[in-house]
Amino acid sequence: MQNANEMWPLVDAHAADFKALADRVFDTPEVAYTETQSCAAHLAQLQASGARITQNLAGIPTAVMGEWGAGGPVIAILGEYDALPALGQVPGVAEPQPLGYAGHGCGHNLLGSASMLAAVALRDWLLQTGRPGRVRYYGCPAEEGGAAKAFMVRAGSFADVDAAITWHPNDFTGIMPPRALANMRIDFTFHGRAAHAAGSPELGRSGLDAVELMNVGVNYMREHMPDDARVHYAYLDAGGEAPNVVQARATVRQLIRASSNAGLRELVGRVRKIGDGAALMTETRVEAKVVSAVSAMLSSPVLERAMEAEIFAIGAPDFDATDHDFAAAIQATLTDAHIADTFWRSGKAVVPGKMLADYVVKLADMPPAGAGSTDVTDVSWAVPTVQAYVATCAIGTPFHSWQLTAQGKSAAAHKGMIHAAKIMAATARALIVDPDLLAAAQSEHAANLAKTPYICPLDHDVMPPIPAVKG
Numbered sequence: 001m002q003n004a005n006e007m008w009p010l011v012d013a014h015a016a017d018f019k020a021l022a023d024r025v026f027d028t029p030e031v032a033y034t035e036t037q038s039c040a041a042h043l044a045q046l047q048a049s050g051a052r053i054t055q056n057l058a059g060i061p062t063a064v065m066g067e068w069g070a071g072g073p074v075i076a077i078l079g080e081y082d083a084l085p086a087l088g089q090v091p092g093v094a095e096p097q098p099l100g101y102a103g104h105g106c107g108h109n110l111l112g113s114a115s116m117l118a119a120v121a122l123r124d125w126l127l128q129t130g131r132p133g134r135v136r137y138y139g140c141p142a143e144e145g146g147a148a149k150a151f152m153v154r155a156g157s158f159a160d161v162d163a164a165i166t167w168h169p170n171d172f173t174g175i176m177p178p179r180a181l182a183n184m185r186i187d188f189t190f191h192g193r194a195a196h197a198a199g200s201p202e203l204g205r206s207g208l209d210a211v212e213l214m215n216v217g218v219n220y221m222r223e224h225m226p227d228d229a230r231v232h233y234a235y236l237d238a239g240g241e242a243p244n245v246v247q248a249r250a251t252v253r254q255l256i257r258a259s260s261n262a263g264l265r266e267l268v269g270r271v272r273k274i275g276d277g278a279a280l281m282t283e284t285r286v287e288a289k290v291v292s293a294v295s296a297m298l299s300s301p302v303l304e305r306a307m308e309a310e311i312f313a314i315g316a317p318d319f320d321a322t323d324h325d326f327a328a329a330i331q332a333t334l335t336d337a338h339i340a341d342t343f344w345r346s347g348k349a350v351v352p353g354k355m356l357a358d359y360v361v362k363l364a365d366m367p368p369a370g371a372g373s374t375d376v377t378d379v380s381w382a383v384p385t386v387q388a389y390v391a392t393c394a395i396g397t398p399f400h401s402w403q404l405t406a407q408g409k410s411a412a413a414h415k416g417m418i419h420a421a422k423i424m425a426a427t428a429r430a431l432i433v434d435p436d437l438l439a440a441a442q443s444e445h446a447a448n449l450a451k452t453p454y455i456c457p458l459d460h461d462v463m464p465p466i467p468a469v470k471g
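With my numbering, letter number 226 in the sequence shown gets 226, and the count goes up by one each step, no holes.
Be aware that one or more of the hints could be misleading.
[Said to hold, decoys possible] Listed next, the in silico SDA-like pairs over lysine to any residue satisfying Cα-Cα at most 20 angstroms (straight line):
#1 K348 x P178
#2 K273 x A337
#3 K289 x D461
#4 K348 x F312
#5 K362 x R272
#6 K409 x D461
#7 K354 x A337
#8 K348 x T322
#9 K273 x R230
#10 K289 x D187
#11 K451 x S299
#12 K348 x G315
#13 K409 x D162
Hints are computed from structural coordinates only; laboratory data are not their basis.
Model the full assembly from the supplied sequences, consistent with the hints where possible.
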């Protein structure tokens, strides 16, 4: 066997174990920094696979790394397994049947399982060929708002890695565009003074008033910030339920996004000034606490071309009639706008009656659409990094929805997961057999850093928001 196709049967040989792992993680969904059961399942799989294991990466109990091989380049394959609040859903049913707890509304049960499957396949290839090289699986918690990888980068967890590879479930297959917004989550807590709201309101200083004035200020700022910037908010503490009490303390979380790291720093400074102004207007004291932060994506065109070649070599997942039937039932719960949204993300015109993507989208054909955020971005500043999209769900499925969770254990999802593992394993193999390719990616990365040095968005006094263990 002379090409990357030799990786595909090595993935298939372990597929059953990793479909089972994905389903175990799906059945024990846990949100950011609480993924104890999911991490334990991944740890057990690493132990069964004979990995050299490092736990508690960056001081995070639910972060784990397994390594195989010796000498040569170090290739990291990144996995995730965190869930989202309130998205627990009965799988395999095309109607909302909430379970009342967290669920994998972004497909991370598949993400981590495919990544470790790719790493194990590469382990087998290294053993068979006797080539020098090390492959690492990084089990990363808290991607959904927790910025765990940013903390891991700050702690040096990727300091000796030569390249990083990962993927994300989607409704089509192709390279993930190297676009992601930098963001920072800051909790603004306003401390005032309680008083009887009718008897002596003049004695009170309202933290809730300060929160509302801050939101008004941010709303007025929106007209005067870049089009691709975003600010969202959530009330974490509205001060209480009694309207006859001047609310002495209230907290709002502001989520600030920008298309560049420098742009984020500028916008954060403006939002902080608005918070200070709200405190001044209400004669309260404001405390601003950074919860998490991630960078914008640093592109690696060399790796993107290499991975895209592997994607086109394997094509799209092969879905059958049963897969299409379930996808059609999911699509029946969506609006035309949901279905059309895939065009704005992929640039591929929607074909009436097509439920699952049996095509690959070229990166060059994808529109410069808006982007969300991910903590993979901080890894991209530490080492050359590339990501794939692979179809695992019905065209038009909105992520962070019950429809996505409903498809999380489906046969189509498993097929996409295994497909993703083949793409990642083949890309990793290409970097090991072609030292010039890896060197080109590293040279490109170094040149980018020389132009724009990395500044970690997390100050050293900001620690991962790991919940205290209840005794």
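Here is how each hint holds up against the structure:
no.: 1; hint: K348 x P178; in the structure: holds (18 angstroms)
no.: 2; hint: K273 x A337; in the structure: violated (38 angstroms)
no.: 3; hint: K289 x D461; in the structure: holds (11 angstroms)
no.: 4; hint: K348 x F312; in the structure: holds (16 angstroms)
no.: 5; hint: K362 x R272; in the structure: violated (41 angstroms)
no.: 6; hint: K409 x D461; in the structure: violated (40 angstroms)
no.: 7; hint: K354 x A337; in the structure: holds (15 angstroms)
no.: 8; hint: K348 x T322; in the structure: violated (24 angstroms)
no.: 9; hint: K273 x R230; in the structure: holds (17 angstroms)
no.: 10; hint: K289 x D187; in the structure: holds (5 angstroms)
no.: 11; hint: K451 x S299; in the structure: holds (13 angstroms)
no.: 12; hint: K348 x G315; in the structure: holds (16 angstroms)
no.: 13; hint: K409 x D162; in the structure: violated (33 angstroms)
Comparing the model with each numbered hint stated earlier shows that hints 2, 5, 6, 8 and 13 do not hold.
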